[in-house]
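Residue numbers (the working numbering), protein chains in the order written: chain Y, 341 to 455; chain W, 53 to 167.
FYI, nobody ran anything at the bench for these hints, they're computed from the structure. Keep in mind that a hint or two might mislead.
As the list claims (entries may be wrong) - Coverage of chain W stretches by chain Y, computed from C-beta distances (three or more under 8 Å per stretch; other residues unrestricted):
id, region
1, 75–88
2, 91–97
3, 153–161
Unchecked claim - Some residues of chain W that are not near chain Y, with every Cβ distance over 10 Å (derived):
id, residue
4, Asn110
5, Ser132
6, Ala133
7, Pro167
Glycine is no exception: its CB is placed at the ideal position from the N, C-alpha and C atoms.
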Amino acid sequence: DGGITQSPKYLFRKEGQNVTLSCEQNLNHDAMYWYRQDPGQGLRLIYYSQIVNDFQKGDIAEGYSVSREKKESFPLTVTSAQKNPTAFYLCASSSLVRVPNQPQHFGDGTRLSIL
Amino acid sequence: AQKITQTQPGMFVQEKEAVTLDCTYDTSDQSYGLFWYKQPSSGEMIFLIYQGSYDEQNATEGRYSLNFQKARKSANLVISASQLGDSAMYFCAMRGINTGNQFYFGTGTSLTVIP
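If we strip away everything but chain Y, and leave its shape as in the complex, we get (with noise of 0.2 Å):
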């Protein structure tokens, strides 16, 4: 089945630790997001990449980074310079063929809390 996969579900932090959540799909996607949910929130969006190699900020990009280093992976680090990461990160992905019509597919999520 095509889908996105985020891993791990839960993930736990130390203080200045950096952390790395997973992104896979396999839906032959070109764009490729990542959003934080903070509880009872909307989503807000960290990053995105429309190709391999090449990505923007989003408007919460500080304390966060990225890499594109294959179609199907867009994996986010959290760095300790993000001071307040406990919440709800949501990997997506979108088609960039027949723009605007193409909706945005969805991993699991994974949720981060600092110990």
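Please build the complex by placing chain W on the supplied structure of chain Y, with the hints as guidance.
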């Protein structure tokens, strides 16, 4: 600028009744897509329905229909015959032809179905 507004933070509906979730939007794009997503308490984002700006008929998908009023810039989601499993957060989103790589989300509406 692109903007999605959902003015109902929380809604209640009796089981088997219909409910309408409001969504208004603002865009300078002539061609755009409107999407609704469901987010149950488990966190995954489920794509429900899509409406294109040039579609003459309102979109329907099973018990979901989209009441699209282009002149009023509204794209309300109608859920018929509500079920207990419909209790979730619902997000309206938009994608424009000129900003096709980004999606814009509303703040969401929490729907509770009462038995």
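Going through the hints against the structure:
{"no.": "1", "hint": "75–88", "in the structure": "holds (count 5)"}
{"no.": "2", "hint": "91–97", "in the structure": "holds (count 4)"}
{"no.": "3", "hint": "153–161", "in the structure": "holds (count 7)"}
{"no.": "4", "hint": "Asn110", "in the structure": "holds (16 Å)"}
{"no.": "5", "hint": "Ser132", "in the structure": "holds (21 Å)"}
{"no.": "6", "hint": "Ala133", "in the structure": "holds (24 Å)"}
{"no.": "7", "hint": "Pro167", "in the structure": "holds (24 Å)"}
Comparing the model with each earlier hint shows no violations; every hint is respected.
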